[in-house]
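> Chain by chain, the residues run as shown.
Number of protein chains: 2
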Amino acid sequence: MRHQETGKRQVGNSTRASGIIVPMFEHKILASQGRARAGVFHTPHGDLETPVFAPVGTQATVKTLTPAQLEELGASLVLANTYHLYLRPGDELVAELGGLHEFMQWPSPLLTDSGGFQVFSLAQTRKIDDDGVTFKSHIDGSSHLFTPEKSIQIQENLGADIIMAFDECSDPNDHTYSKTAMERTHRWAERSLAARKRDDQALFGIIQGGVNPDLRFASTQFIVSLPFSGIAIGGLSIGETKTEMHTTLDIVTPLLPENKPRYLMGVGTPEDLINSIARGIDIFDCVLPTRLARHNAAFSSEGRLNLMNAIFAQDKRPIDEACTCYTCRTFTRAYLRHLIVAKELLAGTLLSIHNIHALIQLVSDIRLSIMENTFESKIPSWLEQWQGNAERARTAKDTE
Amino acid sequence: MRHQETGKRQVGNSTRASGIIVPMFEHKILASQGRARAGVFHTPHGDLETPVFAPVGTQATVKTLTPAQLEELGASLVLANTYHLYLRPGDELVAELGGLHEFMQWPSPLLTDSGGFQVFSLAQTRKIDDDGVTFKSHIDGSSHLFTPEKSIQIQENLGADIIMAFDECSDPNDHTYSKTAMERTHRWAERSLAARKRDDQALFGIIQGGVNPDLRFASTQFIVSLPFSGIAIGGLSIGETKTEMHTTLDIVTPLLPENKPRYLMGVGTPEDLINSIARGIDIFDCVLPTRLARHNAAFSSEGRLNLMNAIFAQDKRPIDEACTCYTCRTFTRAYLRHLIVAKELLAGTLLSIHNIHALIQLVSDIRLSIMENTFESKIPSWLEQWQGNAERARTAKDTE
Chain A
1 MRHQETGKRQ
11 VGNSTRASGI
21 IVPMFEHKIL
31 ASQGRARAGV
41 FHTPHGDLET
51 PVFAPVGTQA
61 TVKTLTPAQL
71 EELGASLVLA
81 NTYHLYLRPG
91 DELVAELGGL
101 HEFMQWPSPL
111 LTDSGGFQVF
121 SLAQTRKIDD
131 DGVTFKSHID
141 GSSHLFTPEK
151 SIQIQENLGA
161 DIIMAFDECS
171 DPNDHTYSKT
181 AMERTHRWAE
191 RSLAARKRDD
201 QALFGIIQGG
211 VNPDLRFAST
221 QFIVSLPFSG
231 IAIGGLSIGE
241 TKTEMHTTLD
251 IVTPLLPENK
261 PRYLMGVGTP
271 EDLINSIARG
281 IDIFDCVLPT
291 RLARHNAAFS
301 SEGRLNLMNA
311 IFAQDKRPID
321 EACTCYTCRT
331 FTRAYLRHLI
341 VAKELLAGTL
351 LSIHNIHALI
361 QLVSDIRLSI
371 MENTFESKIP
381 SWLEQWQGNA
391 ERARTAKDTE
Chain B
1 MRHQETGKRQ
11 VGNSTRASGI
21 IVPMFEHKIL
31 ASQGRARAGV
41 FHTPHGDLET
51 PVFAPVGTQA
61 TVKTLTPAQL
71 EELGASLVLA
81 NTYHLYLRPG
91 DELVAELGGL
101 HEFMQWPSPL
111 LTDSGGFQVF
121 SLAQTRKIDD
131 DGVTFKSHID
141 GSSHLFTPEK
151 SIQIQENLGA
161 DIIMAFDECS
171 DPNDHTYSKT
181 AMERTHRWAE
191 RSLAARKRDD
201 QALFGIIQGG
211 VNPDLRFAST
221 QFIVSLPFSG
231 IAIGGLSIGE
241 TKTEMHTTLD
251 IVTPLLPENK
261 PRYLMGVGTP
271 EDLINSIARG
281 IDIFDCVLPT
291 RLARHNAAFS
301 SEGRLNLMNA
311 IFAQDKRPID
321 EACTCYTCRT
331 FTRAYLRHLI
341 VAKELLAGTL
351 LSIHNIHALI
361 QLVSDIRLSI
371 MENTFESKIP
381 SWLEQWQGNA
391 ERARTAKDTE
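Protein sequence lines, in the order shown, are assigned to chains A and B. 357 is the number that the numbering used here gives to position 357 of the first sequence; each next residue is one higher, with no gaps. 8 is the number that the numbering used here gives to position 8 of the second sequence; each next residue is one higher, with no gaps.
No lab work stands behind these hints, which were simulated from the structure alone. It is possible that part of the hints are untrue.
Pairs count within a copy or across copies, as identical chains cannot be separated in the list.
What the hints assert, rightly or not - Keeping only pairs whose Cα atoms sit at most 30 Å apart, straight-line, the calculated DSSO-like set for lysine-lysine is:
#	residue 1	residue 2
1	Lys136	Lys343
2	Lys179	Lys127
3	Lys150	Lys343
4	Lys343	Lys378
5	Lys150	Lys179
6	Lys260	Lys197
7	Lys197	Lys28
8	Lys316	Lys197
9	Lys343	Lys127
10	Lys316	Lys150
11	Lys150	Lys197
All chains should be modelled from the sequences, with the hints used to inform the complete structure.
Below, the structure written as structure tokens:
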């Protein structure tokens with residue numbers, strides 16, 4: 001069905017409720033089919049068409065790509081990591097240099113995470129209490145303290161369009177720890193809201209609770225009760241099964257308000273994107289396309305290809321005959337294999353272009369199908385097309 | 001003075017003299033000032049405006065750059081290395097895949113060297129006799145034989161627009177060895193001419209003789225007597241002084257015919273380009289811009305900058321205020337330094353764009369000044385502008 005337009009576009013205006021800054025960000029739903037939605041989210045750096053896949057620019061650069069290449073392949077939203085940029089080059093320096101958009105010359109919307117996930121996965125040692133997390137830098141071992149207030153301060157210095165409340169990500173199968181982490185995440189959500197000083201950033205709250213239905217239910221109810229501009233679902237794609245992820249989404253998304261964007265953090269694979277959009281998700285990010293590129297791998301409708309393989313030495317075809325990216329319009333598999341074997345860095349650039357484009361194009365095709373009311377009928381063929389590309393990206397100790 | 005246009009454009013037509021294929025390639029001189037010339041060299045892949053600087057694409061890729069980026073920064077001629085491409089992926093495979101232009105998707109003119117310089121500088125062990133050079137691959141130690149006939153065969157398989165006669169590069173200060181190597185280079189020049197089967201490639205002869213005036217004189221006289229489409233000067237920028245290089249050029253270029261392009265191999269620095277164009281050189285190639293980029297260094301009118309330096313941490317200026325390349329139009333020194341410190345590969349891409357653009361722009365500016373008859377008056381200010389960028393690139397054991 002198509003929704004009526006409601007509300008007027010407001011970006012950066014804000015009201016105050018109980019002393020808390022509540023910016024007015026509008027997510028306009030243009031069409032929906034089942035739980036899947038096609039919409040537009042207005043940000044200070046332009047309109048985001050949702051659903052949207054965001055490539056990851058951990059250190060203020062999507063690895064090996066220029067902003068010009070990212071724009072050409074169709075990227076609209078880019079994610080950068082608060083933990084990394086706080087440590088290097090420092091959020092205060094980024095602020096002095098005009099903020100993250102100016103620093104990395106990305107003219108379109110940016111999203112920063114809270115730093116929580118990296119603190120738990122990357123930092124050398126960490127001590128968690130209700131105040132926050134004390135940790136040692138993975139770069140030089142120096143000691144630091146992240147609190148909800150500190151995370152918001154860093155994210156305000158960076159100046160992304162979408163920022164995240166500070167949260168604690170637990171082992172999804174440990175019910176006791178998941179409950180403790182969820183309750184702390186809730187207290188930190190309120191402190192994150194109270195800590196903000198800027199009114200031109202959309203602050204999203206994060207639902208935790210692992211793969212425990214009771215905790216996910218409780219966490220969703222709590223987070224949606226707070227005046228966030230969007231809702232993120234954390235703690236998934238970190239080791240649970242596909243069924244557990246789907247079940248969790250089936251619990252969470254029906255409880256979410258229609259008018260706020262839903263962000264599934266750290267997802268995904270082509271299959272995860274299809275299945276999660278069908279369950280009502282609007283925003284995704286994942287290091288998978290660039291990480292695969294560094295390992296010489298490419299998404300394709302033949303399944304994941306490792307282009308170092310000798311079978312490609314004389315292969316005149318592009319990675320994927322149906323793909324319209326610069327790499328596939330221009331180069332053969334034989335040339336890409338040569339670059340990989342000769343250890344030429346251009347291979348990583350060309351594979352990154354292809355892999356990111358593949359996910360952005362898939363999400364764009366899905367968006368169009370929602371607008372045309374054909375998404376649900378196309379799901380089986382898309383899942384078949386992308387089978388063999390299912391392996392996930394997140395591992396505990398990767399620095400991206 | 002401006003020259004009258006003489007002769008008609010001919011590319012790929014050929015005559016036979018004593019059974020040797022002699023393709024008709026035209027280098028049209030449009031203007032000259034002193035010994036400096038501005039011209040156009042017609043090739044099967046388009047007209048080359050000379051003087052021209054060619055970035056080096058050793059392994060069928062100018063390191064870290066896409067062909068689209070190379071075109072945007074103004075590259076017209078690209079050099080690729082016969083030695084490297086013979087070893088990997090193999091010239092026969094490149095031929096099967098449609099030739100080097102098709103393989104690397106470079107639509108404009110290409111030049112391949114003879115493989116001689118790399119055999120002498122890179123291969124693990126080598127045995128030279130009049131037949132050719134037996135050497136072991138620097139990649140896997142396998143044994144190979146390069147002869148003039150083999151070098152031409154490889155270069156015909158690769159299919160560049162400009163190809164080189166097989167030559168022997170000597171220690172420039174060793175008169176005895178330089179004489180032996182020069183005489184062998186002359187015999188190999190005749191064999192290279194006799195070996196060719198294609199008539200759509202411009203074959204250049206190479207003048208050797210080190211820094212010995214008598215040998216350079218003799219070598220020039222010999223090479224210009226043969227029906228080459230262009231004349232290359234080898235054995236320079238490999239350890240001799242700047243004065244020795246200038247003296248050598250002052251001996252050689254006055255003996256060269258006006259109507260053939262002159263190519264100074266492996267040069268140069270900005271200063272070398274200015275001084276060599278003034279001495280009548282038309283074509284240059286050098287790994288310097290991409291190699292500097294990999295070492296975090298950039299050409300600038302302030303002298304060579306190492307952008308890892310902490311003094312750039314908060315520097316909002318581009319590398320060079322006067323530069324019009326994508327990197328300088330877009331990014332601050334502070335951002336480039338961040339990429340370098342964070343070990344992000346994008347740094348190499350952005351510095352390569354800047355460094356190659358700087359040399360291409362300099363040569364383009366010089367060409368315009370020759371057309372406008374202002375080159376000689378501008379030499380002092382150009383030399384001053386580019387002082388501090390004089391260090392050369394070629395070292396014996398680098399694999400590029």
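> The structure should be examined with respect to each hint, and the outcome stated for every one.
Checked hints:
1. Taking identical chains as interchangeable, the C-alpha atoms of Lys136 and Lys343 lie at most 30 Å apart only when they sit on different chains, with a minimum of 20 Å there against 34 Å within one chain.
2. With identical chains, the CA atoms of Lys179 and Lys127 are at most 30 Å apart within one copy only, with a shortest distance of 18 Å there and 74 Å across copies.
3. For the identical chains of this complex, Lys150 and Lys343 are inter-copy neighbours only, at 26 Å across copies versus 41 Å inside a copy, given an alpha-carbon limit of 30 Å.
4. Neither within a single protomer nor between protomers do Lys343 and Lys378 lie at most 30 Å apart by alpha-carbon distance, with minima of 40 Å and 42 Å respectively.
5. Within a single copy, Lys150 and Lys179 get their C-alpha atoms as close as 24 Å, which meets the 30 Å cut-off; across copies the closest is 73 Å, which misses it.
6. Only within a single protomer do Lys260 and Lys197 lie at most 30 Å apart by alpha-carbon distance; the minimum there is 21 Å, versus 70 Å between protomers.
7. Taking identical chains as interchangeable, the C-alpha atoms of Lys197 and Lys28 lie at most 30 Å apart only when both belong to the same chain, with a minimum of 26 Å there against 67 Å between chains.
8. When the C-alpha separation of Lys316 and Lys197 is checked against a cutoff of 30 Å, the pair qualifies only between copies, where the shortest distance is 26 Å, while the shortest distance within a copy is 56 Å.
9. Taking CA atoms no more than 30 Å apart as the test, Lys343 paired with Lys127 passes between copies only; the shortest distance there is 29 Å, against 41 Å inside one copy.
10. Taking the closest pair of Cα atoms, Lys316 and Lys150 come within 30 Å of each other only across two copies (26 Å); inside a single copy the shortest separation is 53 Å, beyond that limit.
11. For the identical chains of this complex, Lys150 and Lys197 are intra-copy neighbours only, at 12 Å inside a copy versus 72 Å across copies, given an alpha-carbon limit of 30 Å.
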